[in-house]
Amino acid sequence: SQTIHQWPATLVQPVGSPLSLECTVEGTSNPNLYWYRQAAGRGLQLLFYSVGIGQISSEVPQNLSASRPQDRQFILSSKKLLLSDSGFYLCANGGRGNTEAFFGQGTRLTVV
Amino acid sequence: QKEVEQDPGPLSVPEGAIVSLNCTYSNSAFQYFMWYRQYSRKGPELLMYTYSSGNKEDGRFTAQVDKSSKYISLFIRDSQPSDSATYLCAMMPPSGTYKYIFGTGTRLKVLA
Numbered sequence: 588s589q590t591i592h593q594w595p596a597t598l599v600q601p602v603g604s605p606l607s608l609e610c611t612v613e614g615t616s617n618p619n620l621y622w623y624r625q626a627a628g629r630g631l632q633l634l635f636y637s638v639g640i641g642q643i644s645s646e647v648p649q650n651l652s653a654s655r656p657q658d659r660q661f662i663l664s665s666k667k668l669l670l671s672d673s674g675f676y677l678c679a680n681g682g683r684g685n686t687e688a689f690f691g692q693g694t695r696l697t698v699v
Numbered sequence: 009q010k011e012v013e014q015d016p017g018p019l020s021v022p023e024g025a026i027v028s029l030n031c032t033y034s035n036s037a038f039q040y041f042m043w044y045r046q047y048s049r050k051g052p053e054l055l056m057y058t059y060s061s062g063n064k065e066d067g068r069f070t071a072q073v074d075k076s077s078k079y080i081s082l083f084i085r086d087s088q089p090s091d092s093a094t095y096l097c098a099m100m101p102p103s104g105t106y107k108y109i110f111g112t113g114t115r116l117k118v119l120a
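Chains W and U are the protein sequences, given in the same order.
Per this note's numbering, the first sequence runs over residues 588 to 699.
Per this note's numbering, the second sequence runs over residues 9 to 120.
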């Protein structure tokens, strides 16, 4: 079965500091990977998705970037965090053999 | 018009009630339909996945798809307090882009 590992679970960062959130996938190869942000009481906003190593599609212009250095590793980064970057960040894999998406447990980021 | 509409709730029901959760969608190309359960501060967990019109049952859960009306439902029988969560519908077109479209979620509270 597939497992999505995300860490850390909770993060408090000052404005202007850098960010690196890591997601790794087990139990599948060559997955499509996704980063979503979920604001309180709102739906899932797709930030980035990747169909392979080094292939990143950005959905929303913002202060964030993503990278996929390995097949089952997806990283969300920022050079300088803004207050508006606070939220619940979710990594998911899906498509390509599994039409349904599977999610990690998320990282709650608070920028102060 | 949003591609997927979902009543945010909250929906409060007594324990043992039958719960009906619904989503409507506008894109007739959607072919894959999913329901997720999300507990507070956790990642969404896949509950049901359906491909075609009709019903699919799994224990106390039944997923129903009506493509002619562009309407999907999730029924929960004999609801339990542990079913209290936010329920998200999701769908995907068959084009191979693997970009999931999520509803905003319905918050359900089952009262003991």
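These aren't lab readings, by the way, just hints derived from the structure by calculation.
It is possible that some hints are incorrect.
[To be verified] Which chain U residues stay away from chain W? Per the calculated CB distances, all over 10 Å, these:
1) Val21
2) Pro22
3) Arg49
4) Glu53
5) Tyr57
6) Ser60
7) Thr70
8) Lys75
9) Asp86
10) Pro89
11) Thr112
[As the list claims (entries may be wrong)] Below are the DSS-like pairs computed for lysine-lysine, each with C-alpha atoms no more than 30 Å apart in a straight line:
12) Lys666(W) <-> Lys75(U)
13) Lys666(W) <-> Lys117(U)
14) Lys117(U) <-> Lys78(U)
15) Lys78(U) <-> Lys64(U)
16) Lys107(U) <-> Lys50(U)
17) Lys78(U) <-> Lys10(U)
18) Lys107(U) <-> Lys667(W)
19) Lys64(U) <-> Lys75(U)
20) Lys50(U) <-> Lys117(U)
21) Lys50(U) <-> Lys10(U)
22) Lys107(U) <-> Lys10(U)
23) Lys50(U) <-> Lys667(W)
Glycine included, C-beta positions come from ideal geometry on N, C-alpha and C.
Evaluated hints:
{"no.": "1", "hint": "Val21", "result": "holds (20 Å)"}
{"no.": "2", "hint": "Pro22", "result": "holds (24 Å)"}
{"no.": "3", "hint": "Arg49", "result": "violated (7 Å)"}
{"no.": "4", "hint": "Glu53", "result": "violated (7 Å)"}
{"no.": "5", "hint": "Tyr57", "result": "violated (5 Å)"}
{"no.": "6", "hint": "Ser60", "result": "holds (12 Å)"}
{"no.": "7", "hint": "Thr70", "result": "holds (17 Å)"}
{"no.": "8", "hint": "Lys75", "result": "holds (16 Å)"}
{"no.": "9", "hint": "Asp86", "result": "holds (25 Å)"}
{"no.": "10", "hint": "Pro89", "result": "holds (22 Å)"}
{"no.": "11", "hint": "Thr112", "result": "violated (4 Å)"}
{"no.": "12", "hint": "Lys666(W) <-> Lys75(U)", "result": "violated (45 Å)"}
{"no.": "13", "hint": "Lys666(W) <-> Lys117(U)", "result": "violated (40 Å)"}
{"no.": "14", "hint": "Lys117(U) <-> Lys78(U)", "result": "holds (26 Å)"}
{"no.": "15", "hint": "Lys78(U) <-> Lys64(U)", "result": "holds (17 Å)"}
{"no.": "16", "hint": "Lys107(U) <-> Lys50(U)", "result": "holds (22 Å)"}
{"no.": "17", "hint": "Lys78(U) <-> Lys10(U)", "result": "holds (13 Å)"}
{"no.": "18", "hint": "Lys107(U) <-> Lys667(W)", "result": "holds (28 Å)"}
{"no.": "19", "hint": "Lys64(U) <-> Lys75(U)", "result": "holds (14 Å)"}
{"no.": "20", "hint": "Lys50(U) <-> Lys117(U)", "result": "holds (16 Å)"}
{"no.": "21", "hint": "Lys50(U) <-> Lys10(U)", "result": "holds (25 Å)"}
{"no.": "22", "hint": "Lys107(U) <-> Lys10(U)", "result": "holds (15 Å)"}
{"no.": "23", "hint": "Lys50(U) <-> Lys667(W)", "result": "holds (26 Å)"}
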